[in-house]
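Peer 1: One-letter residues, chain by chain:
Protein chains: 2
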Amino acid sequence: MTKPKQLSYYALEGIPQIKAGDPLAQIIHAAVKENGLSLQDGDVLILAQKIVSKAEDRLVNLSTVEPSERALELAEFLGKRAELVELILRESNDVVRTRPGTIIVEHKSGFICANAGIDHSNVKGKWGSDEDWVLLLPEDSDASAARIRAELEELSGKRIGVLIIDSHGRAWRNGVLGTTIGASGLPALQDMRGEEDMYHYKLRVTTIATADELAAGGSLMMGQANEGTPVVLARGFPYLLREGNAKELIRNKENDLFR
Amino acid sequence: MTKPKQLSYYALEGIPQIKAGDPLAQIIHAAVKENGLSLQDGDVLILAQKIVSKAEDRLVNLSTVEPSERALELAEFLGKRAELVELILRESNDVVRTRPGTIIVEHKSGFICANAGIDHSNVKGKWGSDEDWVLLLPEDSDASAARIRAELEELSGKRIGVLIIDSHGRAWRNGVLGTTIGASGLPALQDMRGEEDMYHYKLRVTTIATADELAAGGSLMMGQANEGTPVVLARGFPYLLREGNAKELIRNKENDLFR
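Chains Z and W, in that order, are what the protein sequence lines are.
For the first sequence, the residue numbers in this note's numbering are 992 to 1250.
For the second sequence, the residue numbers in this note's numbering are 992 to 1250.
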């Protein structure tokens, strides 16, 4: 009888609604205990982007946004509100593709996504429910992940990793997939160069997107319909933790055949 | 104290080298037991493409392949062997992008991938190690998944799902990601239309690529360096099983901004 290697995801229950300024690390640390768990060396905490954005007060009221000429024109073409398009442009380095209803951009942090990650769903204004409020991504998700990780390591005394994830569409494939936008404390990419296969050929595929593979399974446990479980604890990540960030996952424009 | 929902992956030890004609379902069923587990309703077995291809005798000796004019020209441009390029073309509906060293195609099954999924690594010829042998993807991975699932359900008496996965590169992002190429018995896409968020807004993101989210975590546990663990048992998939296949995940060309 052999014992298989195991990776487990725990979708933590009982995370409260997050408001601007809430101490996320403390809330998560308490939730881990409340769920009958305790952090161990090598654990990775996977956080939905929205709770990080809310804690960082990234809510914007569209009625306070002044659209530029470019935003007005693009909004007309896209069939979106000009104030929203203005925010998308402000949050982006570059527009990658547009067509009515869809705008794909390079976010200021470097990754490609629709609408610069700005979302209406599960967003409630500061003063009650309001269609005017939208939520921007964290300013710098790698920095957010690093900060939350430092606090969780302080609280727990354990060496952990933190991922911040969002649901991204993909080229060629239907459906959204949980994808890393911020990371700290684990290899986002695992370089396999120099490794040999079973027959001692050198591997040609040199890097595995380990953080994105971990993120996707975590996303599955969060679902999409509500934010009841925006924090997932992953135990059994099969690579050694090291310093790392989501920037590793961003392909240079020059090496990208699909920009 | 609350009990969190849990998703666990078990990387099964002891799967032997697979040869043409091997009874995969029986081998997997035995391995599950050997690893101290038994199949339960709702489990999903995630299989690396290579063991399915090997069982289906998809090894080809390049020296038996006659390259066409087109393959010869393209091989020159790509810097690849003409016999390999010929096989890539035969396995594809369409060439999506090329540049020296890289060819991205629409595989006959509809999904987009490099080299039509043809691989050299962990491939050993029928008669000893030989650089001339390559391994094609299964002819129809959905059909393979359905067949293996039927046999496993027969052996176990349980209602399960089966995924066949391969490591795919992505637009915009570095590293390969475990991706579904064949599926049976589970929702590859989960349609969230009509669901409401916490504030009772209708969700705008309507589908989650549930099979790909599950596949990615399974891939993480297989690694890339060898085929020691080409079968991963996933327990706790958080959606109801239903009939389903990998075709659900393929975006129509007309709806794809990146083809």
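Just to be clear, a hint being listed does not mean it is correct.
Chain copies aren't distinguished; within one or between two, either way the pair holds.
Below, in silico cross-link-like pairs of lysine to aspartate or glutamate (EDC-like), each with a Cα-Cα straight-line distance of 16 Å or less [claimed, not checked]:
(1) 994 - 1004
(2) 994 - 1025
(3) 994 - 1057
(4) 996 - 1025
Calculated from the structure, these hints are not laboratory results.
Peer 1: Please go over all the hints and tell whether each is borne out by the structure.
Peer 2: Results of checking the hints against the structure:
{"no.": "1", "hint": "994 - 1004", "in the structure": "between (29 Å within a copy, 7 Å between copies)"}
{"no.": "2", "hint": "994 - 1025", "in the structure": "between (29 Å within a copy, 9 Å between copies)"}
{"no.": "3", "hint": "994 - 1057", "in the structure": "neither (60 Å within a copy, 47 Å between copies)"}
{"no.": "4", "hint": "996 - 1025", "in the structure": "between (26 Å within a copy, 13 Å between copies)"}
In summary, the one numbered hint that this structure violates is 3.
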